[in-house]
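With chain A held as given, fit chain B onto it using these hints.
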Amino acid sequence: MSRLSRIFALVVVLAAAASAQWLSYPTPGLPRTADHKPNLAAPTPKTADGKPDFTGVWLPDSGAHYRDLSMDFPGGAPALPWAKQISEKRDADNHKDDPLALCLPPGVPRVETHGGHMFKIVQTPREVVILYETSANDVFREVFTDGRPLPEITQPSWKGYSIGKWEGDTLVVDTKGFNSKGWLDTYKAHPQTEMLHVTERFRRLNVGKLEIGVTIDDPGAYSKPWTATLPIHLVPDTEIMETVCEDSEGMLHQVGK
Amino acid sequence: MKKLALMLAFGAIAAVAPLSAHHSFAAEYDMNKPLNVTGTVTKVDWLNPHAHIYIDVKDASGKVANWEFEMQAPNQLIRSGFTRTTVKPGDVITIEGYAAKDGSNLGNAVNITLPDGRKIKGRNPDA
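Read top to bottom, the protein sequences are chains A and B.
At the far end of the first sequence sits residue 243, using this note's numbering, and the numbering has no gaps.
At the far end of the second sequence sits residue 159, using this note's numbering, and the numbering has no gaps.
Okay, chain A solo, but in the shape it has when bound (with noise of 0.2 Å):
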């Protein structure tokens, strides 16, 4: 190694040293440039076992699905009359009732689609683990990717699920066993109810670039299926943090108590 090279590889690692709760850390094994900056338009990484590696912790580019998951579908979401007057409720109500704005979880997709807020995916050959901050308390999900099958749901639940399949190189996720709790977005506050099946079709563009392609298939509330296409980047050399709903004051202050 150049003497250069060893100086920099020294200031390197005294710079991850100092860093505050892991902001700023280099992340092992991302590819990088000659200059040492993350090359985010490398080739997908890949697996032992020869599948896309999902790994990273990642960022919605915007938060505009969040706003409205259903931004894409022509139409917007083909809501049922009582979904449809739920909506409107909502908002006439000023979204008092979100239960994200109570601390509760956010629900899936809506997990993945809040900007500014960040997620990582923990990829091993039998499962796919994502950690999610979440703007209320941190929220994990199980993607079982061992062959078995969705369960008998006895208990819903506010993520449901997950298990996942290989088509080529898309990690196809199905999810059922959802409560009827959740929004699935927060201005249009499209409910969901316990038929909610969610589809998510993971695919890694290169090492910078994650989409989410998501099918909300939920006949209790929707006439028919309808699709959202969720843009999502890589957050190099960082980790994600805990969050924990601390502010319950400020909760009870915001709902108009």
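Among these hints, one or two may not hold up.
To be verified - The list that follows gives simulated cross-link-like pairs (lysine to aspartate or glutamate, DMTMM-like), each with its CA atoms no further than 20 Å apart:
#1 A:82 x B:62
#2 B:133 x A:83
#3 B:75 x A:83
#4 A:151 x A:35
#5 B:153 x A:47
#6 A:167 x A:83
#7 A:106 x A:225
#8 B:133 x A:77
#9 B:133 x A:79
#10 A:82 x B:134
In short, the hints are calculated from the structure, not lab data.
Just so it is clear, the structure is predicted and the values come from calculations on it, not from any experiment.
Structure of chain B alone, referenced to chain A:
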């Protein structure tokens, strides 16, 4: 009329998209009541999902009122270089934002000008 009227400088707050974050900004704050206040920090509550800054603001008659401003989450603040010790009681800062609908001494911080002149976002404009 509230002391607030004497203190308001309807400075230009850059046009912001509705600031609904995980809850509706609209539920609590009024886009038609912009604020631009300078005051002395009395307290910083470093809480998720909203940090809060309290400042003493003097009105034209010299009377001091304590104002509370809601900000974005600590994780986002720290990533933009604002840590829990960046602002301390006694610091003089300027906050641009919007007042609460209920007329109380509560606001939502859009931009904060720190004692060293740096300007940071109180809210994530993309949340």
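These are the hints, each one checked on the structure:
1. A:82 x B:62: Holds, at roughly 15 Å.
2. B:133 x A:83: At roughly 18 Å apart (the allowed maximum being 20 Å), residue 83 of chain A and residue 133 of chain B satisfy the hint.
3. B:75 x A:83: violated (29 Å)
4. A:151 x A:35: holds (14 Å)
5. B:153 x A:47: holds (18 Å)
6. A:167 x A:83: Judged against 20 Å, a Cα distance of about 10 Å means the pair holds.
7. A:106 x A:225: holds (8 Å)
8. B:133 x A:77: holds (17 Å)
9. B:133 x A:79: Holds: residue 133 of chain B and residue 79 of chain A sit about 14 Å apart, inside 20 Å.
10. A:82 x B:134: holds (15 Å)
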